[in-house]
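Chains as they are written, first to last, in numbering that gives the first Met the number 0: chain A, 0 to 384; chain B, 0 to 344; chain C, 0 to 131.
You can take every hint at face value.
To spell it out: a stretch of chain C is covered by chain A in this simulated footprint if at least three of its residues, at any positions, have a beta carbon under 8 Å from a beta carbon of chain A; those stretches are:
| hint | region |
| --- | --- |
| 1 | 55-68 |
| 2 | 71-78 |
| 3 | 84-96 |
Bear in mind the hints are in silico, worked out from the structure with no lab data behind them.
Ideal placement from N, C-alpha and C gives every residue a C-beta, glycine not left out.
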Amino acid sequence: MKVGVIGIGITKFGERWNESLRDLLLDAQLRALNDSKIAPEQIDALFTGNMCADSLSGQLHVGAIAAENLNINKPSIRVEGACASGALAIRQGIQAIESGSAEIVMVNGVEKMTDVSTEQATTALMGAGDEELEGFNGLTFPGLYALLAKAYMTKYPKLNRELLAEVSVKNHFHGARNDYAQFRSEIDIDTVINSAMVADPLTLFDCSPITDGAATIILANEKVSKKMNTDVYVTGSGLANDSLSLARRKTLTAIPAGKIAAEQAYKQSGILSQHVDFAEVHDCFSIAEIMAVEALGFAKEGEAYKLYQNKDTYFDGKQPINTSGGLKACGHPIGATGIKQAIEATVQLRGEAKNRQVKNAEVGVTHNVGGSGATVAVHVFRKIR
Amino acid sequence: MAGIVGWGAYIPKYRITAEEIALVQNADANAIKSGLGLTEKSVPGKDEDTVTIATNAARNAIARTSIKRKEIGAVYIGSESHPYAVKPSSSIVAEALDIGNDYMAVDTEFACKAGSATIQINAGLVDSKMIKYGLSIGADTSQAEPGNALEYSAAAGGAAFIIGPNKESVATIDATCSFTSDTPDFWRRALEPYPSHAGRFTGEPAYFKHVLDATKMILEKTNSKITDFAFVVFHMPNGKFPLRVAKTFGVTKEQLLPGLIVKKIGNTYSGSSLLGLVSVLDIAKPSDKILMTSYGSGSGSDAFILTCTDKIKEAQKKAKTTEDYVKRKEYLTYAQYLKHMEQIH
Amino acid sequence: MFRESPILRWRNYNDRYRLKGYKCTKCGKTYFEKKGLCECGTIDYEEMDFSGKGKIVSFTEIHSGPEAFAEMAPYCIAIIDLEEGARITGQVVDCKYSELKIGLNVEAVLRKFYKSGEKGIIHYGTKFIPKF
Chain A
0 MKVGVIGIGI TKFGERWNES LRDLLLDAQL RALNDSKIAP EQIDALFTGN MCADSLSGQL
60 HVGAIAAENL NINKPSIRVE GACASGALAI RQGIQAIESG SAEIVMVNGV EKMTDVSTEQ
120 ATTALMGAGD EELEGFNGLT FPGLYALLAK AYMTKYPKLN RELLAEVSVK NHFHGARNDY
180 AQFRSEIDID TVINSAMVAD PLTLFDCSPI TDGAATIILA NEKVSKKMNT DVYVTGSGLA
240 NDSLSLARRK TLTAIPAGKI AAEQAYKQSG ILSQHVDFAE VHDCFSIAEI MAVEALGFAK
300 EGEAYKLYQN KDTYFDGKQP INTSGGLKAC GHPIGATGIK QAIEATVQLR GEAKNRQVKN
360 AEVGVTHNVG GSGATVAVHV FRKIR
Chain B
0 MAGIVGWGAY IPKYRITAEE IALVQNADAN AIKSGLGLTE KSVPGKDEDT VTIATNAARN
60 AIARTSIKRK EIGAVYIGSE SHPYAVKPSS SIVAEALDIG NDYMAVDTEF ACKAGSATIQ
120 INAGLVDSKM IKYGLSIGAD TSQAEPGNAL EYSAAAGGAA FIIGPNKESV ATIDATCSFT
180 SDTPDFWRRA LEPYPSHAGR FTGEPAYFKH VLDATKMILE KTNSKITDFA FVVFHMPNGK
240 FPLRVAKTFG VTKEQLLPGL IVKKIGNTYS GSSLLGLVSV LDIAKPSDKI LMTSYGSGSG
300 SDAFILTCTD KIKEAQKKAK TTEDYVKRKE YLTYAQYLKH MEQIH
Chain C
0 MFRESPILRW RNYNDRYRLK GYKCTKCGKT YFEKKGLCEC GTIDYEEMDF SGKGKIVSFT
60 EIHSGPEAFA EMAPYCIAII DLEEGARITG QVVDCKYSEL KIGLNVEAVL RKFYKSGEKG
120 IIHYGTKFIP KF
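Looking at chain A on its own, in the form it has when it is part of the complex:
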């Protein structure tokens, strides 16, 4: 498979008091159009990832807004898979192109989360889990990952509290070098460990924030991409699902759907995990990054701690993870995150990542998770001249 990336556009992530959902979406769409130099009429279809517009803004039918923003009567659909909405939208775009029904597809992701209180946002986010089996019990989203953390760290005690904190420290290091990240400050382990407890053992700094933002990526088939001189391509797309509630999974020390999706994407691209130069993974909570590293094959189950002990996951290390700052430092406007990951992969492969550039970046992977692991979408991006 070869689907080219011909344009990218991303808003600053953060608390965007002056911008509404549509404002953010339009901003990203225009930036991407500008980057691609195409006109709106050239777009054949639009897919927009979004999770909470209905519960937090009373707005469904977001697909219609994406088309209206550009004044085009093109097919435009909202895609939702909790926090994996963005990557799912990318996959829809890829399939539209692969099926031949579209040559150029605009894939957006947008989320407006700061108009409501933290408690209300927490309540809305519980929809990513199983409402009847987990939400009814008051099991919050951080609570889900806390249960995973507790199980993992009990079975694999080598991942101690300090090493888990290294995940956020490293992500903030990268975020400080990323213009559109929500948090631009470096932190240390003490900051993480001493921050307020959210759901034991996860403290505030183990958790990704509540963020507004939007991101757009324009995909094109091989023919159009060659004409536009792009050299960044999506070569593999993997998607796997698992039980919605944690209690019905086969294991609590890994997210099985991650491994399945990664294997699919790698196979389709003709690569193995050792060929991956960098990865944008779903660190909704620090423990999620640990599990992602293992799902993507960079470490055996229980051994990801080594990468953090040896500081391998910095942009200039052996296994760069989340050079964008991840969800933690870059921010997590839910529907936009999957697109942001694809954009960071593109920026790295284009060699435009400035002071967080991974040297000789040729193969990048994005990994986007919905809920506590009920959906995982993995894409492989390659530089192909």
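Dock chains B and C against chain A, hints included.
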């Protein structure tokens, strides 16, 4: 007559000491403790109410029997603290026990004797063969106004009984009668959060008159003497009133103390005399006779005479005892206690 | 708004008020509130009663809860293996967080979950307490 086929208790885990309350009320804890004859009381968890207490007690009661729960033909719950003013506790509890749909149900209120009255109702229904088994429950999460004397005693807890055929009983009901009158000693108007009472009037003309007269009535009706009984249980608004009644009849310490649960957990209102009864059933032997007289303000007393059968020994082992619940405790500060009480209704 | 609905939770009363189980008639696996196909591919269940006894598999304490649970916070939640084999999520109450550990024996109780506002229905269900 019908009898008790199974019994069960439930008491929440939390406690607050008289000292802790006295500190806030600026009162003399020792004087309170000796005056009221109690040291601490039970407090419901933030997620507990009469329905949850009743259900957990009923599950213990059913566990002591070998009946099929769908054979329960009536469910009656007596309380002063039903969670809803309109919506029955009995149907929620019956659903939680999976009794099916083929049962009669209603909630009752008669201050602290709302639960004991339902035993009389079920006994009648069983004897008339209208039902095979009936479930009787008395449970409360009593509210007392902060700063009021009742704060030391108003507690939470409940007891449940499966009433059934005489030949299946662990304790047969040999007789029951009531002494009732219109006496305004203690009451709560519909929209008021806390009860009111008439001071010293709650003693002689209220509690004592009804408990004494109901007890006298049943002793006469059955030609019994107080020495016939292994155990005697009176309603326990505090640790002193039952002692005075006991003295009048010549009840001994050995007969009274096993059921005097108020000393450890306070006054559980509709659960009070019933928790005294289950404490005694937990340790009674076959052929032991039990006398119990409840009291509900407004006013009335239900008196019962029971005889334990040889089925009681087996049943005692099949569920948690009252003492199991009494021993399970965690103390609260007054501030924590207020937070717990805020959650009632 | 769905949290205000008395109807949404009503459908689950019988399952939630007590731990009602579903046992696959083909392979014997047990589930709580199972609706779809069993792992063995069959969709044929017989109803059963879970005893309510189980062991903690993982647990946490939630400090920052949703509005409906604000008064209860902090509260403990665990993943529990019931003795009949089903694995479920449940709050663990009547205990200090420090008492919880993986492998702790727990038993089921009926408790309040939340109210749909000051005028609304009180929602009940099953929680767990340390076995005693």
